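Both chains are sitting in their own frames, so use the hints and assemble them into the complex.
Chain residues, written in single-letter form:
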Amino acid sequence: AQSVTQLDSHVSVSEGTPVLLRCNYSSSYSPSLFWYVQHPNKGLQLLLKYTSAATLVKGINGFEAEFKKSETSFHLTKPSAHMSDAAEYFCVVSDQGHGGATNKLIFGTGTLLAVQP
Amino acid sequence: GAVVSQHPSWVICKSGTSVKIECRSLDFQATTMFWYRQFPKQSLMLMATSNEGSKATYEQGVEKDKFLINHASLTLSTLTVTSAHPEDSSFYICSARSRRLAGLETQYFGPGTRLLVL
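Sequences listed follow chains A and B, in order.
Note that my numbering numbers the first sequence so that position 36 is 36, with each residue one more than the last.
Converting from the second sequence to my numbering requires adding 1000 to each position, the first position being numbered 1.
Okay, chain B solo, but in the shape it has when bound (with noise of 0.2 Å):
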């Protein structure tokens, strides 16, 4: 159970290009759900957090209307990276969390999505 799974699993853009990144719960309902990116050999950061239904709260530093995410559902939520440029070349994760499964501290994450804009 608590299975998360992402879509795409890599993808390659031209800069200047929008992409989407989709993000679902397989088997429970994700009252919430988190962006991270991570730069090699680097840790995960957050980006943003998302409650369905309701807009992000973005962290600090990140731009909203570069990454915009929905959250449409219980068990989906979207990170689209509008104008990508070179730098935005990362490995992008979402995680999961359900009120009902193991608390809410706990987050699920998926395999991730790696990004790279030419």
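So that you can see chain A by itself, here it is in the shape it has in the complex (with noise of 0.2 Å):
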């Protein structure tokens, strides 16, 4: 089955300073993952994923993350925090099921990042 983990539950960096966000992931098959974005009162919103194409993946807002297969990981990083980005983020696996019928998504629990002015 799969799963992901979030090792943060809580990440505060300054305003300007680079941001590090881990995710590892646990997968049967050569998985599909999404960090997703939660800003309160709001929808979730997908900022990147990684369908076995380029292990580097670009996103919004500036945002990427890097498939690491050896390393099971696929952390969400950003160069320079600004205020805006405080919100909480999400990686998910997508479950392919039997010959990704299902394509259900998994959630990781979460980490919260704050940025500090």
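In short, the hints are calculated from the structure, not lab data.
Keep in mind that this is a model prediction, so the values were computed, not measured.
Among these hints, one or two may not hold up.
[Claimed, not checked] Now the in silico label distances, taken between C-beta atoms and shown as ranges: (1) K1041/B / S52/A: 27 to 35 Å; (2) Q1060/B / S28/A: 13 to 21 Å; (3) N1051/B / Q45/A: 22 to 30 Å; (4) Q1060/B / T77/A: 34 to 42 Å.
Yeah, the Cβ is synthetic: ideal placement off N, Cα and C, and Gly gets one too.
See below:
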């Protein structure tokens, strides 16, 4: 079965410094991996997704993530944090089930990112 | 594009009453919709998957008679919490998927509905 582990429940950075949100996955298949962001009182927004193409995936708002099969990791990074990046971030794996029929999303427990001025 | 709305955004009801939550895909046709619930400081847990015109598929441990799901059209799914109890208080989030938009894996999420049962 597929699963994701987000190693940090809270991360705090200063504005202008790099962001690293860690995620490790477990999958029996070649996984599809996603990062979603949830701002207060707003819907989850897709930041980026990996679906077995390029291992370095660029997303919106300057975020990117690198798929490392040897480390079973899919960490999210951003070179310089903005105040508007403060939100909760979810690492997600697609449960491909039998031949991709189900495509359910399995969420990590989330990482709350705080950005200090 | 790919906007999903939910109504209401929050609801307070008395124990024993039923509450209906609507999920709409505003600018695309959603062949599949999903319902999740999120408890405070916890992750999203999938409750059920619904395909337009067919019965919903519920996850293990989710009571289908308590959480009624109807997906009557390609743009609307409803979740009815029947005989609500305080332990049903949660944040309910829907998502929608379209075969035409970004592949089968990508889901577009609504803003959520916060339910408080007194």
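Status of each hint after checking the structure:
Take K1041/B and S52/A: their Cβ atoms lie about 33 Å apart, and the range 27 to 35 Å holds. Checking the proposed 13 to 21 Å range against Q1060/B and S28/A shows it holds: the Cβ atoms sit about 19 Å from each other. For the pair N1051/B and Q45/A, the supplied restraint of 22 to 30 Å holds, since their beta-carbon distance comes to about 24 Å. Between Q1060/B and T77/A the Cβ separation comes to about 35 Å, which falls inside the hinted range of 34 to 42 Å.
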